[in-house]
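A.B. asks: The residues making up each chain are set out below.
Number of protein chains: 2
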Amino acid sequence: MKKLKILFFVLFLIIFSQSIFAQKKPVDLIISGGTIVTMDSGKRLILNGAVAVKADKIVAVGASSEIARQFSSKQIINADGKVIIPGLINAHTHIPMTLFRGIADDLDLQEWLTKYIFPAEAKNVSEDFVRVGTQLGLAEMIRGGTTTYCDMYYFEDAVADETFKAGVRGVLGETMIDFPVPDNKTWDEAMAYAEKFVNKWKNNSLIVPALAPHAPYTVSAEHLQAVKRLSDKTNAPIVIHVAETQKEVDDSLESKKLRPVEYLANIGFLNNRMIAAHVVFANDAELDLLKKFGVGIAHNPQSNMKLASGVAPVPQMLQMNLPVGLGTDGAASNNDLNMWEEMDTAAKLHKVFAKDPRVITAEQAFEMATIRGARALHLDNLIGSIETGKRADIVIVDFDSLHQTPYFNVYSSLVYATKASDVRDVVINGKVIMRNRRLLTLNESIIKKSANAYRTKIITSLMN
Amino acid sequence: MKKLKILFFVLFLIIFSQSIFAQKKPVDLIISGGTIVTMDSGKRLILNGAVAVKADKIVAVGASSEIARQFSSKQIINADGKVIIPGLINAHTHIPMTLFRGIADDLDLQEWLTKYIFPAEAKNVSEDFVRVGTQLGLAEMIRGGTTTYCDMYYFEDAVADETFKAGVRGVLGETMIDFPVPDNKTWDEAMAYAEKFVNKWKNNSLIVPALAPHAPYTVSAEHLQAVKRLSDKTNAPIVIHVAETQKEVDDSLESKKLRPVEYLANIGFLNNRMIAAHVVFANDAELDLLKKFGVGIAHNPQSNMKLASGVAPVPQMLQMNLPVGLGTDGAASNNDLNMWEEMDTAAKLHKVFAKDPRVITAEQAFEMATIRGARALHLDNLIGSIETGKRADIVIVDFDSLHQTPYFNVYSSLVYATKASDVRDVVINGKVIMRNRRLLTLNESIIKKSANAYRTKIITSLMN
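Top line first, the protein sequences correspond to chains A and B.
Okay, so the first sequence: first residue is 415 according to the working numbering, each after it adds one.
Okay, so the second sequence: first residue is 415 according to the working numbering, each after it adds one.
Isolated chain A (complex conformation) (with noise of 0.2 Å):
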């Protein structure tokens, strides 16, 4: 009986002490119990798992029962049964041009460009239309899990204040052309309006000021150089339009005896900066160059598709392990900014055209969309996986919708089942940006009403 007693109090003891040095350390959001598809280097998947976050930055991924071991929050989100993974990124997108979604489609890309796009936005194109085009395309794009978006078009100072207020992360670049277009009238005051912008940005949370030269057809030689100093000095990330179309290949050769990459490489504008859009047509020599100066990729399948332009050379820039991400492009060219869809493309378009179901897996187009495109963006230092010391981009995803009933595989399911009907919960930077469906930082009904009288107005102006 004694024994009992002193066994009772050994027990007691170790109770106590432990309830003592497990002080849990408070955090601001503990996210539990769901399956988490790390994107880390080991490939991870974490069943019944949880991530802690604190500020902007993940500080703990792990099991629930350790996490609830270690950490206290007032904000939790019960993940049970849903699935958990990184922020998708959307390495391509005009995200303004959401306001002409489908004002001209099934169309020669010549004409589509000079009879409807250019008209049109030479027509509508203002700082105001940028606001609401871009607010349309963030909600949508919160919707669907994309926490993080590499844009380039006109007024992106304004780009940048409406993402940065609805708590997005961006990359995002002003374009520059070499003729007249809607915010600056020249090649100089564009360069002003970059350098300026890339100033006032560039300290901030959630935006990466970026500079954007159109395409080395719209862009001189000397031009691409004065982007590519502003670049160096600022440390800025350039976004480029490059090798989109058999035309420009042929047009390049012609003017310039070489191709597009091979014309970057040799006026000295590729660094590891740079974000190349679209790189459809680039042969060995071209990727190795691509490869060797550390160029980031963003693939565009249904754009690509749509627009008829062709099929990028994905299976070899996966086997060549270049930093590839996926785009959705602009809604005029696809026409939504669904990256669901997106990765379920490009797994079966590369499939179909390579003629070898495995030329790409289900893994290899989510990786596309998650930490490949992080490397991309040049920002898999900060973003792309579930990791601890990164930041916050997490995404919480529903997974017993009947289209993905039964589910056998994550990635597969992911990527040939999911929906962006069935993205949860956003969270970007360590803030809830969507909780149960619901968009916590922008209106919906005022955002469909400014688009909507945006509509009449661009339908008017294409009549004149």
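There's no promise every hint is true.
Where chains are identical, the list cannot tell them apart; a pair therefore holds if satisfied intra-copy or between any two copies.
Straight line, CA to CA, 35 Å or less: simulated DSBU-like cross-link-like pairs of lysine-lysine [said to hold, decoys possible]: (1) K862 x K488; (2) K457 x K862; (3) K769 x K705; (4) K769 x K871; (5) K616 x K468; (6) K529 x K457; (7) K671 x K457; (8) K769 x K438; (9) K457 x K863; (10) K417 x K671; (11) K457 x K871; (12) K769 x K671; (13) K706 x K457; (14) K769 x K537; (15) K537 x K457.
FYI, nobody ran anything at the bench for these hints, they're computed from the structure.
On the provided structure of chain A, position chain B as indicated by the hints.
C.D. replies: Chain B in isolation, oriented as in the chain A frame:
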């Protein structure tokens, strides 16, 4: 003053007589207020339109005000601001395979079939499996606005039973093949099953019973001819896979000295009740044969891409005005039953493959999912468009989601921007099957529970 009195009296008489003669005809359902995409021969769009339905049929289509003047109904669905379309037609499925959704992906076709699909089927497919898988597929399809589907699988009598109970329209064929399958162990058993199945369902209001010999390479000429005779005798359609892969063509040329379609014509198998799935590899002469015999075609772009089968000559089929519809194929090779993604993919795939964005328009893709799909199933006298006299298979689509905003062209928005999650109401054969996104004939939570029980069984079966 007297004149005024007379005037009032005359006015009174006019109004009174109108209310006597304008006795409204009672109907069972009026859908009123949206934009009707009729898909009739004139491709009429009716703004602020209405559809009156009595029993299983559409009795009137017109302006809302006109329908309201002529008809009355206790059941009125307000479709203000929405788009009213003919129910979508999924021209090729293996519906119970929803339970195999994602069991194996990204594999070589032969490996996928022989190491995963065939063993999984041998170990798991039972009548109960088929019932659960069918319910799961039906629920997913209704949610996405599909009102008719064309299926081939085993225990097709159970598929028909579940489909009829759920109130969905189906052309359903029992799969017949020259080796033992889960339900029939010999060819004679299969023929007996098929004949009994056809006789049982042939006068059903929703089910068109069909014969489904698997493919020209898995069923002998003699057996195919027997199926053809049974089709001639019973008027049952024939569903068959044709020319899905290059290997099939090569093998056919080697063993039969004829390409697949040529071979089927040669053995006298083709008729105008036939529905040929895939037809990825058909040359000009074979397309002419299909046209001559009035064979329907089911094009499955996502399945053909995912399995790397190839790209069917769809632009040519459209130029020849062939009856080609769109199908998802089974959920093991897609991995969903989503006709919206199938339309979007069809349009984009053929643009990039033909290197011409004009080869297929949004309107043509939508047509393939509606009236042209009805032609493929030889049911265009009954379904595929919203026209007086046709069966009331009608879908109401929300048109104010963020990803649909703004909208400029209804076909473009339907094909390139609308998602399954935008489907609000579904009417099949005059009955409301889904209302405000709630399924009225199926219990979603029970279906998911049963499907997940099979998930566990399937995983265990593949481990042994």
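A.B. asks: For every hint, state whether the structure bears it out.
C.D. replies: Structure-based check of each hint:
| no. | hint | result |
| --- | --- | --- |
| 1 | K862 x K488 | both (34 Å within a copy, 33 Å between copies) |
| 2 | K457 x K862 | between (39 Å within a copy, 29 Å between copies) |
| 3 | K769 x K705 | both (26 Å within a copy, 28 Å between copies) |
| 4 | K769 x K871 | between (46 Å within a copy, 33 Å between copies) |
| 5 | K616 x K468 | within (23 Å within a copy, 65 Å between copies) |
| 6 | K529 x K457 | between (47 Å within a copy, 26 Å between copies) |
| 7 | K671 x K457 | neither (44 Å within a copy, 50 Å between copies) |
| 8 | K769 x K438 | neither (55 Å within a copy, 61 Å between copies) |
| 9 | K457 x K863 | between (43 Å within a copy, 30 Å between copies) |
| 10 | K417 x K671 | neither (93 Å within a copy, 92 Å between copies) |
| 11 | K457 x K871 | between (49 Å within a copy, 27 Å between copies) |
| 12 | K769 x K671 | both (33 Å within a copy, 25 Å between copies) |
| 13 | K706 x K457 | within (26 Å within a copy, 55 Å between copies) |
| 14 | K769 x K537 | between (44 Å within a copy, 30 Å between copies) |
| 15 | K537 x K457 | between (48 Å within a copy, 32 Å between copies) |
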